[in-house]
Each structure stands twice: as C-alpha cells, then as structure tokens.
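Colleague: Sequence:
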Amino acid sequence: MTKDDAVSWRGLGRVEKVFLVLLAVWALLFFSGFGQRYQTLAGVAAIVMGVVTIIKIGRMALRNLIWRLRNRLIVAYLFIAVVPIVLLLALMLVTSYALVGQMAVYLVNSELANRARILSIRAQILARPLRPNPQPGTPRPPGRDAQFGVARSLTGLQGQFPNVQILATGEQEYRYPPDANITPPPEQWKNASGLVTRRDALYIWAHAEQGGNEVTMLAPVTAELLASLVPGIGDITFPGYTELAVKSHVPAAANSLDFGISFPYPVFVPSWENPQGALQRLYFVVDTRYSAVLGIVFGQKADWSDLAMTFLLTLIGVFFVVELVSLWAGVKLTRAITGAVHELYEGTTHVTEGDFSYRIPVKGKDQIAELATSFNTMTENLSRLIVVAKEKERLESELAIARDVQNQLFPKDVPFTKSLELKGVCSPARMVSGDYYDFMALPHDSLALAIGDVAGKGISAALLMATIQSTMRTQLSSANGTPASQLHASKMVALLNRQLYATTSPEKYATFYFAIYDEERHALTYTNAGHLAPILLHGNDLQMLDSTGTVVGAFPVAIYEEKTVMLEKGDVLVAYTDGIVEPENVYGEMFGEDRLKDLIVKYARSDSAELIARTMEAVTHWTGAGELQDDMTMVVARHL
-9 MTKDDAVSWR
1 GLGRVEKVFL
11 VLLAVWALLF
21 FSGFGQRYQT
31 LAGVAAIVMG
41 VVTIIKIGRM
51 ALRNLIWRLR
61 NRLIVAYLFI
71 AVVPIVLLLA
81 LMLVTSYALV
91 GQMAVYLVNS
101 ELANRARILS
111 IRAQILARPL
121 RPNPQPGTPR
131 PPGRDAQFGV
141 ARSLTGLQGQ
151 FPNVQILATG
161 EQEYRYPPDA
171 NITPPPEQWK
181 NASGLVTRRD
191 ALYIWAHAEQ
201 GGNEVTMLAP
211 VTAELLASLV
221 PGIGDITFPG
231 YTELAVKSHV
241 PAAANSLDFG
251 ISFPYPVFVP
261 SWENPQGALQ
271 RLYFVVDTRY
281 SAVLGIVFGQ
291 KADWSDLAMT
301 FLLTLIGVFF
311 VVELVSLWAG
321 VKLTRAITGA
331 VHELYEGTTH
341 VTEGDFSYRI
351 PVKGKDQIAE
361 LATSFNTMTE
371 NLSRLIVVAK
381 EKERLESELA
391 IARDVQNQLF
401 PKDVPFTKSL
411 ELKGVCSPAR
421 MVSGDYYDFM
431 ALPHDSLALA
441 IGDVAGKGIS
451 AALLMATIQS
461 TMRTQLSSAN
471 GTPASQLHAS
481 KMVALLNRQL
491 YATTSPEKYA
501 TFYFAIYDEE
511 RHALTYTNAG
521 HLAPILLHGN
531 DLQMLDSTGT
541 VVGAFPVAIY
551 EEKTVMLEKG
561 DVLVAYTDGI
571 VEPENVYGEM
581 FGEDRLKDLI
591 VKYARSDSAE
601 LIARTMEAVT
611 HWTGAGELQD
621 DMTMVVARHL
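When we follow our numbering, the leftmost residue of the sequence shown carries the number -9, and every step to the right adds one.
Quick caveat, the hints were computed from the structure, so don't treat them as lab data. Hints are not guaranteed to be accurate.
Unchecked claim - In silico DSSO-like links for lysine-lysine, alpha-carbon gap of 27 Å or less:
no.: 1; residue 1: 559; residue 2: 592
no.: 2; residue 1: 180; residue 2: 402
no.: 3; residue 1: 380; residue 2: 447
no.: 4; residue 1: 592; residue 2: 413
no.: 5; residue 1: 408; residue 2: 180
no.: 6; residue 1: 322; residue 2: 382
Predicted model, so just to flag it, every value in this text is computed and none were measured.
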C-alpha cells in the first residue's frame, strides 16, 4: 500500500470502511466457495452497508452542491416553482382516478342493490297467502298456485339471475329447480335481502314471510352475473369468491390518455348460518377505464379524451411559458442576490483581517441595498467600538493599578497596644472603593483610628479617600511626640474639612469618624462628622456614638465637637459604613441597625475577624444578589 493509498484509507469514514471490509469478506467467501450461509450473511450485510454508504455520500454531495448560494437558489427555485406544478398535476391525476373509480363502484353497487330489491319483491309476491277454494271444504290441488307463481317469477328472473334457486314453504312446498339443494334459512331470519355468504360462497338472496308462507331465493354471484350488472363497464370481481371471466370485459383504450382503473370498494355481508353474528368485510374490485365510466354516466361515447388532451396540452403550454418567464426573472434576481452576497463576503473578509475601512458599493433602493448600507454602518460602528474597547481596556488596566494602589493605602499592620485589639476589612463594590479606614500609631502605645465614606463611587471617590488619608496622616505626623491626651480630634477633623473644601469640587464630601485612644487612661476620644454612629457594646448594653458635627468637605466653616468614652475590659466598638446597614432585599427592606446589633451581641465573644465575616455574609445573604450594592467597610476595636 502506497502513502497515497494510506492517506485515502484514513480519509474514509467509519461507514465506508465497514462496507469495504464486508465487500472484501463476501468476495473472499464467494470465490473460495466456503460456507453458502456465510456468503449470504456477508452479502446481505454488504448490501445494507452499501445502501447506508450511498445515502451518506449522497448527503455529502448535496451539501457540497448547495454550498454555493447560486446552486442553493436554483434548488430553492425547483422546490418553489417546479415541484408545486408536479404536485398539482399529480393531484389532478389522483383526483380524477378517485372520482372515476368512485363513479364506477357507485354504478356497480347501485345495480347490486337493485338486483337484491328485485329478488325481494318477487319473494314477497310469492309469499302471499294462496287463493281460497271456490267451494268450502273442497281439497285444494297440491302445488297449483306455487308452481304458477314461481313460473311467472322465473320469466323475469332467469335473465338477471342465472342459476337462481327458489324454495317456497307453507301449506305447500315447492323447489326450483326440483333438484335444488336449497334449505330453509335459520329461524332468526325474517324478511331480508341483499348479499349473503353460505358455505364459502357468495349469493344475492331474498327471504319473505307472510301468512305462514315463506319464500327463499338464492342467486349465486358468478362472473356471468357480475358481467351483466353494468354492461360495458369492465371486469367486476369479489376476490376470494369470484374469478375473472376467461375473456376480459375491460374495453380497449380510446387513446394514450385513456388509462385503466382498478378500484376496490368494501361491502359488509352477513352469514347465512349466523344471522346475528358480526358482518364480514368483503371487497369488490372494478377494473375499467376512464372512457367506459364516463360513457355510461353521460350516456354517450363522446371522445372526451381528445378534449382532455387539448386541455392538457394547452395547460402544459401555459405552464411552459410561465416557467420560461420565471426562469428569466429567477436568473436576474439570482445574479443580483449572489452579487450582493459576494460583496458581503468580500467585506467580511476585510473585516476579518482587521480592515474596517472597507465599504460595500450600494446599488438600488431595495432590501439588498439596505443590507449593504447596514453592513457599511456596522463596519463604521465596529471601528468606533474597537476604539471604545481599547479605551475601556486601558481604563480597566488603570483601574486595576488604582485598586492595587488603594489596597496599599489600607493599613497592613495594626499598631501595637497593650489593651486594644483592632481589625478592619473593606470589601469594594467596584474595582476601587470610596470607603476609608485607617489605624495610626501614637506615642506611648496610643493610637488613632478612622473610618469614612466618600460620596459617590469609582475613581473620584477613591482619589478623595486617598486625600483624606494623606491629610490625617500628615496632621498626626506634624504632632510628633505629642501625647494622646493633648491631641484634639475635633481640631483635626475641622482642619480636614477646610482642606477638602478648598481642594475639591463642591459636590465632593465624606462622612468621617475619627477617634484617638489613650493607652494610659483607656479613654477613647472621638469626633463623628456625619458618619453612621458606631456601636459600643459595654457589658450587655449597646451605646451609639452619635454624630458630633456635619460631613467634611461640604462647608468652608463647620464646628465639630469631640466626646470621650472610657473603655473597660470586654468592651467592643464596631464602626461601619452604609454598605452594611442600607442594602435592600427583593422586597425593598434594608438590612438595618437592629439586625447589625443582633449580630454584634451574637458574635461579641468570637474573634473580631469572625464577627466581621459573619456580618458581611449576613448582608450578602439578605440582598440575595451576586454583586454588592455598595462598598462594605467594618472596623472592630476590642478592649482586652
């Protein structure tokens, strides 16, 4: 096997490989003459897989054929224009076939019913009571009236019912012919007529009862009887009961359009032996032609086929002209569509290569022209979107850098004190946060802590947060060596307010809580500039450290007060931003301070990190959203 052969074998699909293997096995068994049964099995399997292979190859060829839009449109044209015409002609043919077939079986079925009605009338006449004797008490001549009645009936029956058998019972019994094997029907039969099966044979019969007299007539359904029902219509058979005559009665075709028709029709026939039983479904089949049926219906042998041929040729001519016009219009429209699609293909190729300046020529004022215009508009928008995307990517990169820088601003190490444990966490809702918290060391193991919430979000809020941190750290650095008892939180906050007002726009402000802890006195002096009141847990009591002044940065001059609380062992101070208490659930209810207080009491004896984690987890669960509604910041100070 060459390299090309190996490549070709690997290129075959699993179905093709199985087919070739089965074909090779069959050929080997056939030429070796081994195992006829195995040859048959291998041959059948190879045929099945061959059919599957042909179907698969046909589908692949069809897909390749209609890959080009022009071929696809041609196929669509065939389905839209040609197939409906073919279906219409087929519908006309089927409809005419069904209509003429129904007319033929109607004629036959009507004649069968008419023959049964004739038998019934004759049977009822024969069943009438016999004439009274002229002299009372005189014996009646046996069989005189029955013979006379049967003789009169036979004059009209023998032509229509060959081999008819008659049984008359009552005061007299008479059979015709004398050797007929006809017997009285079961007692369940009363007055009846129609078709009946008896001893695997089919009969037209009639049975009448009147005045104690009963008359039964049986006429076997033979090919001769069926041929006489509707003369000239063709062959009529009951499959399983009657056979075709030696000579077919189907007339010769009048012309090439005089097609033959074979139409079945169901009839339900009772059984002679079981009158109350289920009816047996039989079929009679009429083999005829269009000309025969129409000739009988219209009562003349008009050459309707010539008229049909003329009509059909005229119809074909009209269809042919319409098809030519449609083909011309289809080719013209196809060229317009495929040309536009080719231009679109060229345009998409340029766009794929990054050339958004390519424009498609717009021709006409139809939907295709609108499509070309839309493509040109799309490429223009794409070029703008690319610029916007690059700018967004640059901003996201800068935001990532800003977030890293902001993370560096939050305190990494907590200042050491003997009696106070600090823990702070900030969880931003966006890349950067407008919340602020800080811990700053002071002389003699004292410290300062702060928490704030800048109005707004994003970069501007983060920058203002950095400004607040820088200002406070600068103030504390300038008070180098000053004991904590001599530092004034209110003055520092007032100075921060003036600096922010002077260096920021009027709409920029922040809530701010600043506290100084004196290690020697275990005293916490604080100024609350419009911030949410921190919660101090003292034993089992909760104390709110309310506001002592307005927000910072909003007014040029503002008065701030400071307050001092003494911390005892076990006291817990919790400061937080509005991202903790103001998030809402799906019903618009805020989390609220009451739920926060319950969490503080519940986890007061736990680790500070555990208290913060459980609180933020509860807030997130309350909102039921994957994203934070606002920055969440929380600071916990625990007196040891």
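Colleague: Is the straight-line distance between the alpha-carbon of residue 322 and that of residue 382 27 Å or less?
Modeller: Judged against 27 Å, a Cα distance of about 47 Å means the pair is violated.
Colleague: Within a Cα-Cα threshold of 27 Å, do residue 559 and residue 592 meet the stated pairing?
Modeller: holds, 18 Å
Colleague: Tell me if the straight-line CA distance from residue 592 to residue 413 falls inside 27 Å.
Modeller: Distance ~18 Å between residue 592 and residue 413 Cα, so the pair holds.
Colleague: Are residue 180 and residue 402 close enough, with their CA atoms no more than 27 Å apart?
Modeller: Since the Cα atoms of residue 180 and residue 402 sit roughly 115 Å apart, the hinted pair is violated (cutoff 27 Å).
Colleague: Holds or violated: residue 380 with residue 447, Cα cutoff 27 Å?
Modeller: holds, 23 Å
Colleague: Given the hinted pair residue 408 and residue 180, is their Cα-Cα distance within 27 Å?
Modeller: violated, 124 Å
Checked against the numbered hints listed earlier, the structure breaks hints 2, 5, 6; every other hint is satisfied.
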